[in-house]
Structure formats: C-alpha cells, structure tokens
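*Asks:* If you're matching them up, the sequences are chains H and Y in order. Position one of the first sequence corresponds to residue 1 (the numbering used here), numbered consecutively onward. Position one of the second sequence corresponds to residue 1 (the numbering used here), numbered consecutively onward.
The hints are simulated quantities; they were obtained by calculation from the structure and are not laboratory data. Even glycine gets a Cβ: it sits at the ideal position worked out from N, Cα and C. Heads up, some of the hints might be wrong.
[What the hints assert, rightly or not] Distance ranges between label pairs, derived from CB positions: (1) H/Thr139 <-> Y/Pro357: 27 to 33 angstroms; (2) Y/Asp202 <-> H/Ser65: 57 to 63 angstroms; (3) Y/Lys392 <-> H/Gln114: 26 to 32 angstroms; (4) Y/Gly74 <-> H/Asp110: 46 to 52 angstroms; (5) H/Leu90 <-> Y/Asn393: 21 to 27 angstroms; (6) H/Gly107 <-> Y/Asn218: 37 to 43 angstroms.
[Said to hold, decoys possible] Cross-link-like lysine to any residue pairs, in silico, SDA-like; alpha carbons within 25 angstroms at most: (7) H/Lys121 <-> Y/Pro363; (8) H/Lys181 <-> Y/Cys159; (9) H/Lys121 <-> Y/Gly109; (10) H/Lys181 <-> Y/Tyr160.
[Claimed, not checked] To spell it out: a stretch of chain H is covered by chain Y in this simulated footprint if at least three of its residues, at any positions, have a beta carbon under 8 angstroms from a beta carbon of chain Y; those stretches are: (11) 16-22; (12) 110-118; (13) 123-132.
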Amino acid sequence: MSSVKKVTLKSSDGEIFEVEETVAMESQTIKGLIEDDCADNAIPLPNVTGHILSLVIQYCKEHTSSSDSNSSKSNEKLKAWDTQFINVDLNVLFDLIMAANYLNVKGLLDLTCQTVADMIKEKTPEQIRAMFNIVNDFTPEEEEEVRRENAWAFEISLKNNNVVDTFEVEESMAKELQTIKNMIEDNYTDSVIPLHNVTSDILELVIEDCKKHVEAAESESEPSYSLASKLIDDPLKA
Amino acid sequence: MLSCKSLLSQTINKKRKKNKSKNKNKNSSTRFSKKHNLVSKKQNYEEEEEDCEEGFNFKTSAAPSHTHGVQPLGNLYINPGSINSRNTGLGNLQTLTDELVLDILGLLGGTHLGVLATVSKSFYVFTNHEPLWRNLVLENMNAGFLYNGSWKSTYVAACYPSFDVSSVDVSGLRVRDFYSDYLFQSWLCANLEMKPEWLQRDNIIRRKGISVEDFVLNFEEPNKPVLLEGCLDNWVALQNWDRDYLLQLCGDVQFAVGPVDMKLQEYFRYADQVMEERPLYLFDPKFAEKVPKLGSEYEVPVYFREDLFGVLGNERPDYRWIIMGPAGSGSSFHIDPNSTSAWNAVIRGSKKWILFPPDVVPPGVHPSPDGAEVACPVSIIEWFMNFYGATKNWEKKPIECICKAGEVIFVPNGWWHLVINLEESIAITQNFVSRDFFWTIASGIGSMQNLDHGVNNSKGTTLKMNVVDNIFC
C-alpha cells in the first residue's frame with residue numbers, strides 16, 4: 001500500500017503542520033511550490049500564524065474530501081459546515097482573509113469576503129462604525145455634504161398595487177409602519193417594496209401621517225395615528 | 001467630427017528642449033481644463049517642450065491631482081507626523097490590503113456603497129472608486145445606459161431618477177492625509193499620457209505596392225509582420241467614415257462594447273466623457289450584418305483574399321470586427337485564437353503596436369502552461385510604465401510601430417501583440433487562415449494551441465476538424 005504524500009508547513013510562529021499533499025494543494029501558492037520542486041523541506045509561511053494556518057488547513061481538508069467522488073457530502077452540508085466554520089471573531093476573520101489571499105485558496109477567500117460584505121449590508125453608518133471600531137472623522141459640514149451626495153442610498157421606494165406610483169421615503173420614516181419595518185429587518189433585497197393592498201391616494205395619506213409622527217417624536221409631542229396607517233398594519237381590514 | 005482627445009504629446013514632433021529646472025510634480029500649478037472636448041494641441045504647457053525623462057504628462061482634460069486628494073504611500077514618509085486617514089477610517093479593516101478592501105466592496109450593491117460612503121473619509125474614498133460602479137452598471141444595465149460623466153453618476157441617475165445628480169458637486173469631497181498606492185496608481189493610469197519614448201521606436205518593415213507573391217514569399221510564409229501602405233486607397237470608408245457620417249447611418253444601432261451592447265450614439269457620448277484606465281472598447285463582429293452599408297464600404301486588401309476560413313461557410317467563427325475606441329483604449333498582450341493571422345486597417349486615428357514573436361513571452365505576461373489562458377494583470381498604460389523599459393535591453397526586441405489612417409498591419413499567426421489607440425480611432429480587422437497554416441494542418445503537423453484567448457472572443461470551434469472535414473470530405 002503506497003503511503004499518502006505529505007508536505008510540511010511551518011507557520012510564522014514556528015508551528016509545524018504535516019498535511020496531505022492533495023489538501024495542501026488547495027492553496028495555489030503551495031501547489032506552485034510543490035510543482036516547482038521546492039517542497040522537500042518544510043515550507044515556511046511567514047505571513048500566517050499557527051492558529052490561522054490550522055483553520056486554513058481545516059477548511060482545505062473539508063473541501064478536498066468533498067470534491068472526492070467517493071464522498072457523499074452534499075453542497076448543502078458543505079455550506080452548513082462553511083457557515084459554522086466562519087463563525088469566528090472579527091479579527092480572526094480578517095486574518096483568514098489575508099491568509100486565504102496569500103495562500104491563494106479561492107473558496108476560502110470568497111467565503112470570508114462574502115461574510116464581511118454581508119455584515120455591512122443593511123446596516124446604518126453608526127452600526128458599521130461600531131462593528132469595525134471606526135471613528136467618524138468627518139467635520140459636521142463634510143458629513144452633511146457627503147450625506148447629501150448619497151441621500152439616494154438612504155431612501156426606500158414604496159410601490160403600490162396596479163398603478164405604478166412609487167413613493168420614495170426615508171427609511172426611518174418607513175419603519176414607522178410595522179409591516180415595512182419587518183420587511184426591512186428581514187433584509188428585503190429589492191429596492192422597491194410593493195404594497196398590494198394599498199392604493200396611491202391612501203398611501204400618500206399614510207406617508208404624510210408617518211412624517212408627522214416622526215417629526216412629532218423628534219419634538220417630543222404626542223404622536224397621532226390615522227386610520228389609514230392602521231390599515232397598513234392590519235392586512236385583514238385593507 | 002471626431003473628438004480630439006489624444007495621447008500624443010506635441011513633443012513627439014518637436015525637438016525637445018532640455019529644461020531641468022521645471023518641476024514635473026503632479027502638484028505643480030499648471031492649469032488643466034476640466035472640459036473633455038479640448039483639441040489635442042495643448043497650449044500654455046511649457047512642460048511639454050521639455051525632455052520628459054522623469055515625471056509624467058497628464059491628459060489634456062485631467063485633473064492635476066487625484067479627485068479626492070489621494071496621495072501615494074511614499075508621501076506619507078515625507079510628511080512627518082502625518083497619520084494615514086485611510087487606516088483610521090477603516091477601523092479593524094485597516095490590516096487588509098487595498099485590493100482586498102475593494103474585493104469586499106465589490107460584493108456590495110449600490111445602496112450599500114452609498115451608505116458606506118458616509119461612514120468615514122476612508123470609506124468615502126474607497127466607495128467612490130470608479131471601477132466598483134462600472135461593474136455595477138455593466139452587470140445590471142446591459143440593456144443600455146446613458147453615461148453621465150462618471151460611472152457612479154451613471155448608476156445613480158439610472159436607478160434613482162428622482163435624485164438630482166447634477167446638484168452634487170462634481171468633484172466631491174477632498175480628503176487630507178489619505179495615502180494609498182493602489183488607489184493613486186489607479187488614478188494615475190487613468191490620466192496619464194503616453195510618454196514620447198514609448199512611441200519613438202518604429203522598426204516594422206514598411207512596404208507599398210508590393211505584389212501578392214512578394215507578400216506571401218517575404219512575410220506570410222516566413223511569418224513576419226509588415227506594415228502595408230497604399231492598399232486602402234480605394235476604400236469608400238476612408239473618405240466617409242467619420243463621426244457625423246456614422247451617427248447618421250447607424251447612430252441608434254446596438255454595437256457590442258465589451259460585455260454589453262450600446263447604441264453608437266451612446267457609445268460616443270461615453271467616449272467623449274470617459275477618463276479611465278481601461279476604457280470600454282467597441283468591438284463588433286456582426287457590424288456588416290447589422291449595417292450592410294458598412295460592409296460594402298471596405299474590401300479585403302488583395303494580399304489577404306485567399307482565406308481558407310471561407311470553406312467553413314456559416315460555421316466559421318467570428319472573423320471580422322469593426323473597432324472603435326477613445327484614446328487609451330486597446331488590447332493588452334494576447335495571441336489571436338485558432339492560430340489565425342490577422343490584418344488591421346486604420347480608417348481614422350492612430351494605433352501604437354507592439355509585437356513579439358511566438359517564442360518570446362512579453363515581460364509582465366504570464367501564459368498558462370497549455371497556452372490557453374493569458375494572465376496580463378496590468379492595464380496597457382501600466383504595462384508601458386512598468387514593463388516597456390525592460391524591452392530596451394532584450395536581444396529579441398519587439399517589433400513596434402504607429403499605424404496611421406490608411407495603413408494596414410499584418411499580424412502573423414502566433415505573434416503576441418498589444419495595441420493602444422493614441423487618439424479616437426476607427427479600424428477594421430479580420431482574422432484569416434493563411435495558405436501556410438492550411439498546409440500545416442493538412443499535413444497534420446500543426447498543433448492546436450492558442451484556442452480562445454485574447455480579446456477576440458471567437459467561438460471555441462475545433463477549427464482543425466472543421467477545416468479538414470470540409471476540405472477532405
């Protein structure tokens with residue numbers, strides 16, 4: 001029985017890993033070294049710590065065995081494994097991105113980058129700053145200018161039933177309506193939210209009312225609801 | 001009339017005066033107009049008359065520095081005590097490289113980028129990186145788009161029509177203390193002019209009025225490039241084809257422009273306004289079918305008429321293209337697929353060509369082992385900046401030339417070539433199977449490398465089998 005070919009990898013902090021060649025070759029960088037006959041001794045990887053390298057190897061192991069025709073691992077199971085795998089600290093995640101880039105492991109790079117992208121989506125600027133430890137370095141004037149330049153990004157379109165009447169409203173205002181708030185929080189990806197139960201004229205009234213509500217809340221006076229807004233929240237009656 | 005935005009500096013044609021005291025730094029106080037329809041002749045730029053061995057010249061309508069004030073990393077070291085707002089504004093993300101940050105941003109939609117722009121100065125600069133918006137436009141609006149001065153503006157105007165993009169200050173915010181090599185380089189390449197020394201070498205063999213036999217014997221069979229003059233004299237296209245004529249003839253016909261289709265008038269609108277590293281290139285293989293008059297106003301030069309592609313009839317892959325592009329557009333190094341030869345005739349404008357023989361891989365180019373794929377990660381202008389100099393000392397120097405209106409270049413099969421338009425240009429190119437290649441495949445010697453790479457996206461037909469089937473069955 002022939003033994004499985006192995007390669008030795010050495011992390012920046014001196015940890016040694018013995019890995020099957022097929023697994024190691026998930027890394028195009030290491031693959032290149034093997035093919036150029038530079039892999040007889042331990043391959044030093046000065047840009048990757050032992051902790052991160054062990055994670056990368058874990059990923060490669062899982063993904064090599066799944067491409068093996070004998071493996072019965074389905075795509076779904078692999079995705080589930082990936083989701084589990086990527087549930088790590090933010091700093092570990094960034095280190096994984098750098099390692100996947102350096103070692104050229106495409107699947108891992110795609111997975112990690114997509115994870116960060118998903119974290120950014122549907123967040124407010126404040127939430128993004130909090131998440132990544134970012135200081136807001138705009139002056140108030142600059143912030144206003146930038147906000148104005150990108151005001152379109154903060155709007156949500158509400159589109160009613162048959163008539164294509166689109167109302168663009170501030171997200172904060174649209175969230176006054178529970179139904180819409182739920183849609184937004186569930187990451188509704190379309191930029192236009194269709195409201196099949198509401199006609200244009202009613203929708204217009206509702207929006208006006210929500211505006212007043214938001215303004216009143218800001219000035220701390222009593223909020224008032226109109227009948228129409230209740231219609232939105234109660235689809236049975238619409 | 002063709003727009004005259006040009007990459008040709010006046011220095012090519014003038015004697016260069018040495019004047020070392022002039023400061024070439026991009027932050028010097030030269031006045032650049034922001035209009036994009038200036039003629040190519042520059043006025044008032046004393047720098048143009050100097051020997052430009054160091055430093056770069058910028059296109060006529062370029063901004064004197066990065067739109068948002070990005071500086072290269074080197075400047076961080078000469079500004080003592082300066083912090084890099086790139087890092088403070090990215091927070092934990094600062095350990096990632098610029099390319100990785102942009103990879104992540106490339107996964108986001110327009111609204112996400114817009115929101116992100118308000119997070120910090122750093123994110124403002126990153127999210128305004130034009131290639132991000134270009135991808136969003138090309139991926140989501142392939143039915144057509146109206147270029148609106150920038151890719152971001154184009155996207156916003158199309159997706160949010162009620163938002164008044166013109167109300168936003170064109171140049172946007174300038175940030176201080178932002179240092180990034182990648183972003184600076186990207187801007188630099190979009191705004192650079194061709195340096196005179198990149199255009200100096202012209203060592204191609206030129207011939208005029210030679211016989212077909214002469215051509216076959218001295219160039220086609222030995223597989224050598226040549227520039228032929230005077231064989232387009234009877235082309236109606238040479239007289240007629242300018243912007244006005246083409247707009248009148250087929251202004252609202254859709255032409256293939258990279259990954260999308262665009263109406264010709266929309267393409268010209270884009271070409272007039274664009275300032276980017278890799279401008280979109282109009283490259284259409286069905287121009288004669290779409291507009292038969294175009295096909296009737298040119299004819300294949302006599303040297304190239306024996307084309308064995310013809311035996312394939314309807315099955316022949318794409319073989320002829322109309323090519324239009326602004327200054328700076330072109331094709332980076334590639335070998336034409338299916339081992340075909342090509343001729344390229346310039347009708348308007350001018351093109352700089354660099355050719356390497358089949359056995360010499362150009363610097364900075366990395367073909368895959370089977371030759372089927374070519375990785376040339378840099379843009380054409382960046383190739384000139386970083387790799388052209390290396391060719392000076394090579395034994396096997398490349399063949400170079402500038403091909404002007406009325407001239408035709410013969411590109412033998414298997415030769416590497418790079419082309420850049422020095423001004424807005426219109427050309428026709430055809431691929432063909434030369435007699436020499438026919439004998440090669442008929443005798444079974446020829447190898448079928450070079451399938452399907454390069455700018456010309458021929459169908460991956462197994463040429464050899466088809467030709468053999470058609471000839472011998």
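*Asks:* Of all the hints numbered above, which does this structure not satisfy? Sort the numbers upward.
*Replies:* Per hint list: 1, 3, 4, 5, 6, 7 and 11 violated.
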